[in-house]
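J.: Using the hints, position chain B against chain A.
Which chain is which? The protein sequence lines are A and B, in order. Numbered according to our numbering, the first sequence terminates at residue 589, and the numbering increases by one at each position without gaps. Numbered according to our numbering, the second sequence terminates at residue 589, and the numbering increases by one at each position without gaps.
Everything labelled a hint here was simulated from the structure, so no lab data went into it. Any given hint could turn out to be false.
Heads up, the list lumps identical chains together, so a pair's fine if it works in one copy or across two of them.
To be verified - The calculated PhoX-like cross-link candidates involving lysine-lysine, where the alpha carbons are at most 25 Å apart (straight line), are:
#, residue 1, residue 2
1, K286, K316
2, K526, K448
3, K161, K248
4, K578, K448
5, K248, K401
6, K286, K401
7, K584, K526
8, K448, K254
Keep in mind that this is a model prediction, so the values were computed, not measured.
2 protein chains.
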Amino acid sequence: MDKKIGFHMTPEEFRRHGREVVDWIAEYYEKIETFPVLSQAYPGQIRASLPKDPPLQGESFEAILQDVGRLILPGITHWQSPNFFAFFPANASGPSILGELLSAGLGVQGMLWATSPACTELETQVLDWLADMLDLPEKFKSSGKGGGVIQDTASSASLSALLAAREKATGFQTNQKGCDGRLVAYTSTQAHSSIEKAVKIAGLGLKNLRLIAVDDRFAMQPAALSLQIGQDRQAGLIPCFVSATVGTTSSNALDPLPEIGRICRQEGLWFHVDGAMSGTAALCPEYRYILKGLESADSFCFNPHKWMFTNFDCDCFFVADRETLIQTFSILPEYLRNKASESGAVFDYRDWHIQLGRRFRALKLWFVLRYYGIEGLQYHVRQHIKLAQSFARWVQEDDRFELAAPAPLNLVCFRYKGSDEQNQQLVEKLNQSGALYLTHTVLNGRYTLRFCVGQTNTEDRHVIQAWEKIQETVKTLSAE
Amino acid sequence: MDKKIGFHMTPEEFRRHGREVVDWIAEYYEKIETFPVLSQAYPGQIRASLPKDPPLQGESFEAILQDVGRLILPGITHWQSPNFFAFFPANASGPSILGELLSAGLGVQGMLWATSPACTELETQVLDWLADMLDLPEKFKSSGKGGGVIQDTASSASLSALLAAREKATGFQTNQKGCDGRLVAYTSTQAHSSIEKAVKIAGLGLKNLRLIAVDDRFAMQPAALSLQIGQDRQAGLIPCFVSATVGTTSSNALDPLPEIGRICRQEGLWFHVDGAMSGTAALCPEYRYILKGLESADSFCFNPHKWMFTNFDCDCFFVADRETLIQTFSILPEYLRNKASESGAVFDYRDWHIQLGRRFRALKLWFVLRYYGIEGLQYHVRQHIKLAQSFARWVQEDDRFELAAPAPLNLVCFRYKGSDEQNQQLVEKLNQSGALYLTHTVLNGRYTLRFCVGQTNTEDRHVIQAWEKIQETVKTLSAE
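Just chain A, with the same shape it has in the complex:
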């Protein structure tokens, strides 16, 4: 043991070990393409390599860091590999990682304005910037009655929107009296599972979630929505919330916001728009059509931690009417009272989400926006979309393959023209090869491959290699 009991790491030691970790990360990125993208660990392998009991005495930092490479790395699925095409990306970048480091170093809480004014004010500013950068309606900015807040994930943002909708529909009485089984929420059959989870958490019950049918592009059918709302009203129920998706997880479908928004306005329902991944595309004027109709939305979220080079977690959640959100979540125990809050001149973000404590996440977002600038971010988004579009074209040009859905942005859904089993085999073989990682979905009852381009360092060569690997692998599939 080279440490006496109870010594903290001194600033001098922090400098030394901090450099070791920085170097470790830099080296990780230099050699990231040498690892199999999907971890090849078997269940229990990593745990079996760890000591059964926690250490009685402290260990040297060197020993700990060494074990990260030795014990942890084999169990890592490399989300930051440029050969990662699975799910949606959760990309990151140098400025973001260093912003996160700084946030951890400062270690402040942003639950109240007073507990670190910069944590709140930078967040408000950066979210107003983003509203402009995506050309969101003015009402989502803090200068009016709305505003943005950083949530951990779109799951939490959607839940927050649903809760605000629930309270608005019942004059804030559900918070007081509880749900009574009459509130109804709407989304499409293609919406993210987080909507289902939110409906359960908020006490509405799954039987009151309507999964509206989609068209042949997997987009919600407004007529079906309208019809269902009418039927529910006739049945004495209280429609309160519609969640539309800009870029569904399965196939990147774009729900028709203008039509859905019109229905929500007519019917007086809260209209939430989930643009978790695809919202980022609106950085570029040529893709802003995806948010057309957002004027009639009550809330919107997108995740810089997916496709905007900001490491997880960082979901940006905007509301048009912040008072409704605040009133939904507001709590005021004595030990949190303070003059600044009572002056009404500040935001206390604890009342904008589920948690009380919150870290300084605006810092990393600020770092990313400044380091890249609007033009830098646009450049990369365009590159990713261009690569995905090339991939989609190659799929179409190869007789053995077909597209399974429109590919408007950076996700391509496709399949080998064979059986579902063969397509499943194809995914498994590709992922087991370690050369790339992609995942699947089911569209129209058919097993479908998903290829999403969004990792920070993905370039032409990675997409070309992936396509070659796919072409090569289909030759090895078992006959039907």
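T.: Coordinates of chain B only, in the frame set by chain A:
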């Protein structure tokens, strides 16, 4: 501009800028005592210093980092200052900060086992370690039917416990049919505001939250709980959840777990124990009495991000019956299906909490446990308690002051023997001085000062200085 559009930070640049940030943090800790602990910024000051619009082109990392000191630091309330005695601590440490950095660098998602097996398996292992370190009942370990998971905050953990309780009480039917206004939850008048927030979110309604009276030590009265449950049953309601606190936020009161547990077992209610800050004290055998009675609990949480040198966020949430928790949250869209999950041999932590995405938080916790070892952590906990106990003694020995509540651990509630207004003035003058930061509460209707010792680097001299400053400041209070 020294950067071309669209260039990412190269590993070599990351090494250079990473060192700059590491040095910045080391220097911050070296000079942290020179800053006023509570930020002296006025509302709007930080925002006013920021550019109105986001940058069109990227900026150099040096320029960004410089602005942190110039624009952000004046708006920071220094939670990591050894003169921070406010709220509960949210402490941090070198190994934890570097663990967070590494986690940001790896940038993996732990929503499914398969999306990074090490993220899940290290978490399970470290939480089992912690169960042993706090001498929790065996049932909370993953080797049996229970297990632990890292949540962001105790707010989310309590909400998760309440949701599981709600589902257990209704045979998982509330998820399907929604709340019907009959489920009732119980906690004490002194419980954290997050219980109130959870009851609202989960759709029970505040009218179904019973705030049970406390005794003269601010601990829940089991007889009153028992009586209330009986009355609610007679009224046709369905009692489902009791949350007891080990170390309330106001005054560090310890609810009597054995008696409350007995009632919960008799009545068949879910028994949750919130030890957000004080749970850490159970690292030391001599303080384990605070968790006596935990054998009958269904869930327990404590926050290493409060008092265990692990930067926010890191709440450890343990359940005795993981199946109930998992069934409460479970969702299974096609795009998340995979062989490992279907084998049943792995945990998918997405089903243990609200969010889907999750970062690799076990890494920083593992770093802390290994760097300090059990003995190192015990040493610091004992030091903090010793310092708080000295402070409590000084209060008692000074005729001008009195203790306002028992001080079993590291929080001292006290007041100047004057008016509420004078005590409020005292807090304001102390905080405005910049020499320290403490906050207040109200106990038995009286304005009360809270002094909590828990920041990583707080030593004897800081507590002595604080007491001297308090003694000196009372001399300057306006007459009643």
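J.: Within a copy, between copies, both or neither: which one fits K161 and K248 at a CA-CA cutoff of 25 Å?
T.: The answer is between: 17 Å across copies meets 25 Å, while 55 Å in one copy does not.
J.: With identical chains treated as interchangeable, where does the CA-CA distance between K286 and K316 reach 25 Å or less: within a copy, between copies, both, or neither?
T.: So K286 and K316 pass the 25 Å test inside a copy (20 Å) and across (6 Å) alike.
J.: Tell me, please, which holds for K286 and K401 at an alpha-carbon limit of 25 Å: within, between, both or neither?
T.: neither (37 Å within a copy, 35 Å between copies)
J.: Taking 25 Å as the upper bound on the Cα-Cα distance, should K578 and K448 be classified as within, between, both, or neither?
T.: Close across copies (22 Å), not inside one copy (63 Å); limit 25 Å.
J.: Within, between, both or neither: how does the pair K248, K401 come out at a Cα-Cα threshold of 25 Å?
T.: The answer is within: 15 Å in one copy meets 25 Å, while 53 Å across copies does not.
J.: As a check of your reading, is K448 near K254 (CA-CA no more than 25 Å) within one copy, between copies, both or neither?
T.: within (22 Å within a copy, 48 Å between copies)
J.: Up to 25 Å between alpha-carbons, please classify K584 paired with K526: within, between, both or neither.
T.: within (12 Å within a copy, 86 Å between copies)
J.: Go through the copies and call it for K526 and K448: within, between, both or neither, with a Cα cutoff of 25 Å.
T.: This pair counts as between: shortest inter-copy Cα distance 23 Å, intra-copy 67 Å.
In this structure, only the earlier hint numbered 6 is contradicted, and the remaining ones agree with it.
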